[in-house]
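Visitor: What follows is the residue order along each chain.
Number of protein chains: 2
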Amino acid sequence: MEIKSKVGSRIREIREKNGISQKDLSYTADLDRSYIASVENGQRNISIVNLEKIAKALKVNLSELFQGV
Amino acid sequence: MEIKSKVGSRIREIREKNGISQKDLSYTADLDRSYIASVENGQRNISIVNLEKIAKALKVNLSELFQGV
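Protein sequence lines, in the order shown, are assigned to chains A and D.
Here the first sequence is numbered in the UniProt record's numbering, starting from 1 and rising by one per residue.
Here the second sequence is numbered in the UniProt record's numbering, starting from 1 and rising by one per residue.
Check before you lean on any hint, since a few could be wrong.
To be verified - To give an idea of the interface, some chain D residues facing chain A are shown, with a C-beta separation under 8 Å as derived from the structure:
1) Ile3
2) Lys4
3) Val7
4) Asn45
5) Ile46
6) Ser47
7) Ile48
8) Val49
9) Glu52
10) Leu62
11) Ser63
12) Phe66
13) Gln67
14) Val69
Stated by the list, open to error - Have a look at the derived ranges for each label pair, beta carbon to beta carbon:
15) Gly19(A) to Lys23(D): 44 to 54 Å
16) Lys17(A) to Glu64(D): 19 to 29 Å
17) Asn18(A) to Glu64(D): 21 to 31 Å
18) Lys17(A) to Asn41(D): 32 to 42 Å
19) Glu64(D) to Gln43(A): 22 to 32 Å
20) Lys59(A) to Asp30(D): 32 to 42 Å
Just so you know, the hints here were simulated from the structure itself, not pulled from any lab data.
Nothing here was measured: the structure is a model prediction, and the numbers come from that model.
Cβ coordinates follow ideal geometry from the N, Cα and C atoms, glycine included.
Work out the full structure: start from the sequences and follow the hints.
Guide: Written out as C-alpha cells, the structure is:
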C-alpha cells in the first residue's frame with residue numbers, strides 16, 4: 001500500500017477509536033472536512049504542518065501517529 | 001520550536017549518527033541535495049512522500065523518525 005493510503009488509514013483508525021467524527025476533527029485541527037476525507041482516503045500528499053495539526057487534534061504524538069505505518 | 005525545524009533537526013541527527021553525508025542521503029533518497037539541506041534547516045513543509053523517501057534512505061521507519069519530535 002502506498003504511504004498516502006497508509007497514513008490516511010491510520011488517521012481514520014485513531015479518529016474512530018477516539019470516537020471523533022470527521023467534522024469534529026476538521027474543526028479541532030482547523031482543516032476543511034473535505035480535506036480530512038481526502039487525506040483518510042489516501043488522496044493527499046499531506047505535509048508535516050498538517051500532519052502535526054491532525055496529530056494534536058487526535059491527542060497523539062507524531063511517533064504514535066506513524067506506529068505500524 | 002516549529003515542527004519543520006524539529007523534523008529537520010531529527011533528520012540531521014539520524015543522518016549524522018549513521019555517518020551519511022547530505023550528498024549520500026540525497027542520492028539514496030532521490031532528492032536534490034539543496035532540498036535535503038533546506039529540510040534539515042527547517043525551511044520546508046515536507047510532504048509524507050518525501051518523508052518516506054528520507055526515512056527509507058536512513059533505514060528507519062517513520063515512527064522512529066518522529067521519535068522525540
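Visitor: Of the numbered hints stated previously, which ones are contradicted by the structure, given in increasing order?
Guide: Going through the list in order, the structure violates no hint and respects every one.
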